[in-house]
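Asker: Single-letter residue listing:
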Amino acid sequence: MTTSIDPPAASFKLSMLIYDTRYRSITFQTIALIAFLIFIGWLFNNTAQNLADLGKEPSFGFMTEQAGYDINQRLIDYNSQSTHLRAAFVGLLNTLLIAVLGCITATIVGVLVGVLRLSGNWLIARLMTVYVEMFRNVPVLMWIVLCMAILIESLPSPRDFRGETPEASMMLFDSVAITNRGVYIPEPLFSRGLGDVSVGGVFGISLDLIAVLIVLGAGLYGAAKIRKRADVIQNATGVRPRTWHTRLAVVFVPLIILLVALGFHLGYPALKGFNFQGGTHMRNSLIALWLALSLYTAAFIAEIVRAGILAISGGQTEAAAALGIRPGRIMSLVVLPQALRVIIPPLISQYLNLTKNSSLAIAVGYMDITGTLMGITLNQTGRELETVLMGMLVYLAISLSISSVMNWYNSRVKLVER
Amino acid sequence: MKKTAFIGALTVAGLMAGAAAAATLDDVKARGKLNCGVNTGLAGFSAPNASGEWEGFDVAMCRAVAGAIFGDGTAVEFVPTTGKTRFTALASGEVDMLSRVTTWTFSRDVDLKFSFAAVTYYDGQGFLAPKSLGVSSAKELDGATVCIQTGTTTELNLADFFRKNNMSYEPVPVETNAEGQQQYLAGACDVYTTDASGLAATRATFENPGDHVVLPEIISKEPLTPLVRHGDDEWGDVVRQTMFALIAAEELGITSANIDALSATPGNNPEINRLLGTEGNLGEMLGLSADWAKNAIKVGGNYGEIFETTIGENTAIGLARGLNALWTDGGLQYAPPFR
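Sequence order for the protein chains is A and B. Counting from 34, one number per residue, gives the positions in the first sequence under the working numbering. Counting from 15, one number per residue, gives the positions in the second sequence under the working numbering.
Derived from the structure by calculation, the hints contain no laboratory data. Where hints are given, some of them may not hold.
Unchecked claim - Cβ-to-Cβ under 8 Å is the rule here; a few derived chain A residues that face chain B:
#: 1; residue: 303
#: 2; residue: 306
#: 3; residue: 396
#: 4; residue: 400
#: 5; residue: 409
#: 6; residue: 412
Unchecked claim - Negatives, chain A to chain B, calculated, CB over 10 Å:
#: 7; residue: 48
#: 8; residue: 50
#: 9; residue: 160
#: 10; residue: 214
#: 11; residue: 243
#: 12; residue: 272
#: 13; residue: 280
#: 14; residue: 288
#: 15; residue: 301
#: 16; residue: 347
Said to hold, decoys possible - Quick look at which bits of chain A chain B covers, simulated, 3 or more residues with Cβ under 8 Å:
#: 17; region: 91-103
#: 18; region: 182-190
We put the beta carbon where it would ideally sit given N, CA and C, even for glycine.
Just chain B, with the same shape it has in the complex (with noise of 0.2 Å):
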């Protein structure tokens, strides 16, 4: 029995090991879908609806990348991953790109072998605290219980930060968000520590998301990035690409309801004709069809209209663009050229 299990464990590893290696615009291609990694529910990322069919900030960038190759947005199967099995996942091959608030790191870029696309989301660790505990820095969290999910890189970015500023805490580990709220609301932490966007997240599906204060303190830099497997240059070239197909379309001014007309007749912009197929072979050298982009961008917007009916000031969630919003707006986003 005992060498059974040796064995087993054995096989799965071999077959994940022996799934990554294959060309994988070919693979998505043959089979028809997308398979995208997400979160197991983060409102506003990537969480099911009430009928049953994902939305939020992530789930839009998976149903943008099968835009580009089907031209059909519906065309992904969802697989809910938790922090503890994104990786797996996606090294085995079982899902073709994770987008699940993934922070770009140095060791999972060099050492896991993964390759980041591009920054969809500027992020930071911040803490959330009840206001009634009369916190008003994270400063004075010395002796605190902590919630925290595992598997993150949160958990590194607070042992620095306890250990930076010379004070003790007591982590609480917890698996998923929805853990980590019940604990954080029975008072069994006294702060819960993520991304500050999953905190905002987090706080608007409170009873009384207004007793809840994010303290000021930034504790990190989280660029939460989509990201594939390390060695097929061709498919992180198509996600990488589609991402920055959203931002430039919000730069140059194509939005959902604009699209069509632009890409009905080549306009006077050649950027936008570029982008858009009218003009150039840009999806050729994709290997997807000349209208990759214009398909895209049609399905949920541009980055700008993602973001807004995701995540915005105007949805629950209420992030404003910050270190988001456009180069040309003060922010981070940047697109290179399409030439």
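So here's chain A without its partners, still in its complex pose (with noise of 0.2 Å):
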């Protein structure tokens, strides 16, 4: 008896794409293909056709129409005569700048909170356990909403601060108010200042902020540099030249020099009218949301750290300890460089999680994307399905934007196998 090894090229049926085991699996993988893909162009006509039957073909045009709405809080100049898509612009820097505000703090929050629950004082640790427990398990809209109804009622009014003997009164040598609309603070002002530069004739960026991060960042690098020379020195001597005021002079002295060449001054808040003028006005809508999604995430934020450290095996930190380091120093030198190989991966989900837990601003009217293309825009001109799939893209764009630099960093930090 012979065995061929090679089948007869000639001898394929069409009956092998199902029984033969070599074509079976593409078989049903290419139906299973083109099923999908006929659904998708089933749903794609039927949503087209019924749209055309009512008579509302998707169309973009609306965006360049005039808002007419106003927006409190604007980062970029924008009035009622502005365009739907402006308004959408301000929506999103106000969900961005949430977004980075927020993972901020949640990080700080949540790195400090998971080192402090697994801290040896009993006090702490239960305080820390039940902070976490408080958070994770109430959904962050009621925190959001709740924080809200704290500042609103419990702040007092701007009309309290009026009066011979006002029921209250600003903080910090009249610099700050606090109020039941929001936190007045001084603001950055430059009496000769630089003026803007145009980024596209679409919006202005302060050549004022720009020359103050570049001096700040030029002296933050050469700072960086005078540390690795004082390192270089060490190795090759064994003694440590000390650095510490040449390093805060090569940060502060151009930084100071160019604040006084601009003329900075603070411009402080007055009550003048209704309300609270000058200085930055700091919403009570951005607070809350802001307080209530950084404590809401950095319960989650605790529980990864807290999972990272023990990950790492406790004769690390016995090593650690043997070799005379420090308990603070074995943490931050030893156990949290290692832990942040754990640590990482979850984390980039809760700033994506963040991200798009801020969508929920409406509920304390806070004017971010949801609230402006997504809200109100959608409201004046009708078109849900637009407005809805935009809203979705710049999602989707800026999770996968933080979740690709989030993963860069984490390939820097985790281990490297041979």
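Can you join these two chains into the complex? Each is in its own frame, and there are hints to help.
Answerer: See below:
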């Protein structure tokens, strides 16, 4: 009995697509793919057909029409005669603002709480447990609404600052006013400012801010260089030169010179008319949303940090202690750098969650992109499909950007295996 | 996951649009009840009472339409909608008609593809301010913080008003009337703006209504009108003619007290006879029974009776008829002839 090793090429039969294991999986996958594509095509076709029947063909022309409504918090110039597109952009910047503020605060609070929850101090560890469980197990919307209600109901209104014996007064040498309409803090002003530079004619960026950032960046870079040189000297000679004063000077002296040259001074808020005028106004909606989102997400981050620390074998801590390293330094030099490898991947999804949760902003009237593009614009133009699709794309783009940046960071800190 | 969400959105959009095209009157009859979109809670216009039944001016309009169709004013499913969800609810077919203090505007009529039935309440946007603010005119509001419901025409009117008078303001957007009330009472905004009727309704629920005043300026025209989808004129006619029947009934002196007597036998006023179905075939033309208007009026009385029991001067809301008096009394309410 002989067996042929190579099947004869000519003997391919159609039935082999199902009965031959070499082809079967490909056959089924092809069928599934075709069915899936037909389903998608049907959905698209059905939607387009139904919208056409309603006389509402998808179109994005409304984005260039006049918006007609005002937005309270705007990081770029905007008024009611601006376009819907610009209103959406104002909302997008507000979303990004809350996302950045929230992620930074949540990380700081989360890491602190996570570390403290492992503290040997019974009271601190239990308090942190209570914090984590309280925030983790109540929907974030409740926290947002609660924060807002507390701010509105408990703080004095601007009226209370008035009169001979006002019920409320400003804090920190009359520079900060905390009211139930928000917190007014002094704003940086430049009497010899450089003006704005226009980006594509769409919005302006303050040249003063750019100058300050450049000088600050250069200073930090210089300080890092000095520190590196100190490392080299220490490695070569065993003696570390004292550099902290030169490093401080490199960072701050040019910055102070620049600020003086630009005529830097603070603009203080003052009660004028109905409200405080001048200064930077941080609205209650921003503060409530920021607080609630940060504290809520921090509870999750705390658990992630705790898990990361516990993942590092206790032998590492003991070994470090045996070398005479102090507990605080064991945490920052030995445990946390290794724990980061475990912490970063789940941390990415917490950042994404925070950003997406910021779409609950409308609950407190914070005008993010959900409030402008998918809220008022949707209402005034009646373009549900277009605005919601655009909003989804925006969130998708933000989320993908965050995760790509964080993935890049993760690939830097992860264990290099050979 | 992202893909599924996208497909999900398209599916929803597709289904929504699919439901919109059919003949609404047949659907409503087959279903046995009317789906009516109302406010989530605005005293006097639409709010559930202590026993959970919907009450108010807008609600009475829905009940009248249900009365015209089924002869039963309770055959209504009330769907609470916010300023943001109302148009989607109507366009998607979730509700058959919307009776929710909605202003009839050009773009809603033309661009959003809705048909407005008949103006049930002529309103205008005003400002509610605490007396302690010391403001007697809206022109003095430069720099004020204004609470405003998002997704309404009031937002656009407000922007226009301050722009026209060269004043600045700080809008505090709120989602519902209840939130606006909370912020206003806590002093988080100086004034609260919405339709003057809504301000009166809101003020009526305050602990000390006397401490607050509605400023004299009315900054816009707000003809509040029930509406239906474009493209189903038969259904639009049913809603529109029901509204007109209520107004005509007041004009002709038909009240819930005398309607049974008037409809028992044809009287000597042919228009009353035609309206109540004892003469002619107006009901048949609409695709309803001959006594449709009688049933509609019997639910809550004629237009004047509905007004007086829900938002009139003897209620907590305390609105005068004003522009909403009959044309014969110098108002704007006017129904075309029933013939």
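Asker: So, for every hint listed, does it hold in this structure?
Answerer: Do the hints match the structure? See the list:
Nearest Cβ of chain B to the Cβ of residue 303 of chain A: about 12 Å, over the 8 Å cut. The hint is violated. This hint holds: residue 306 of chain A has a C-beta 4 Å from the nearest C-beta of chain B, less than the 8 Å allowed. Taken as an interface hint, residue 396 of chain A checks out: its beta carbon lies about 7 Å from the nearest beta carbon of chain B, inside 8 Å. Interface restraint check: residue 400 of chain A against chain B, minimum CB-CB distance 7 Å, threshold 8 Å, status holds.
Hint status for residue 409 of chain A: holds, given a least beta-carbon distance of 6 Å to chain B, under 8 Å. Taking 8 Å as the C-beta contact cut-off toward chain B, the hint placing residue 412 of chain A at the interface holds, the least distance being around 4 Å. The beta carbon of residue 48 of chain A sits about 34 Å from the closest Cβ of chain B, which is more than 10 Å, so the claim that it is off the interface holds. The Cβ of residue 50 of chain A lies farther than 10 Å from every Cβ of chain B, with a closest approach of about 28 Å, so its non-interface assignment holds.
Remark: the non-interface label on residue 160 of chain A is consistent with the geometry, its nearest Cβ contact in chain B lying 31 Å away (cut-off 10 Å). With a least CB separation of 6 Å from chain B, residue 214 of chain A falls inside the 10 Å interface cut-off, contrary to its annotation. Residue 243 of chain A, annotated as away from the interface, keeps every beta carbon of chain B farther than 10 Å; the closest lies near 29 Å. Taking the minimum C-beta to C-beta distance to chain B, about 56 Å, the non-interface status of residue 272 of chain A holds against the 10 Å cut.
No Cβ of chain B comes within 10 Å of the Cβ of residue 280 of chain A; the nearest lies about 44 Å off, and the non-interface call holds. Non-interface call for residue 288 of chain A relative to chain B: holds, since the shortest CB-CB distance, roughly 34 Å, exceeds 10 Å. A cut-off of 10 Å between C-beta atoms confirms that residue 301 of chain A is not in contact with chain B; the least separation is 17 Å. No beta-carbon of chain B is positioned within 10 Å of the beta-carbon of residue 347 of chain A; the least distance is around 38 Å.
Only residues whose beta carbon comes within less than 8 Å of a beta carbon in chain B count, and the region 91-103 of chain A has 3; three or more means the coverage holds. Counting residues of the region 182-190 of chain A whose beta carbon lies closer than 8 Å to any beta carbon of chain B gives 4, which reaches the threshold of three, so the coverage claim holds.
In terms of the numbered hints stated before, the structure departs from hints 1, 10, listed from lowest to highest.
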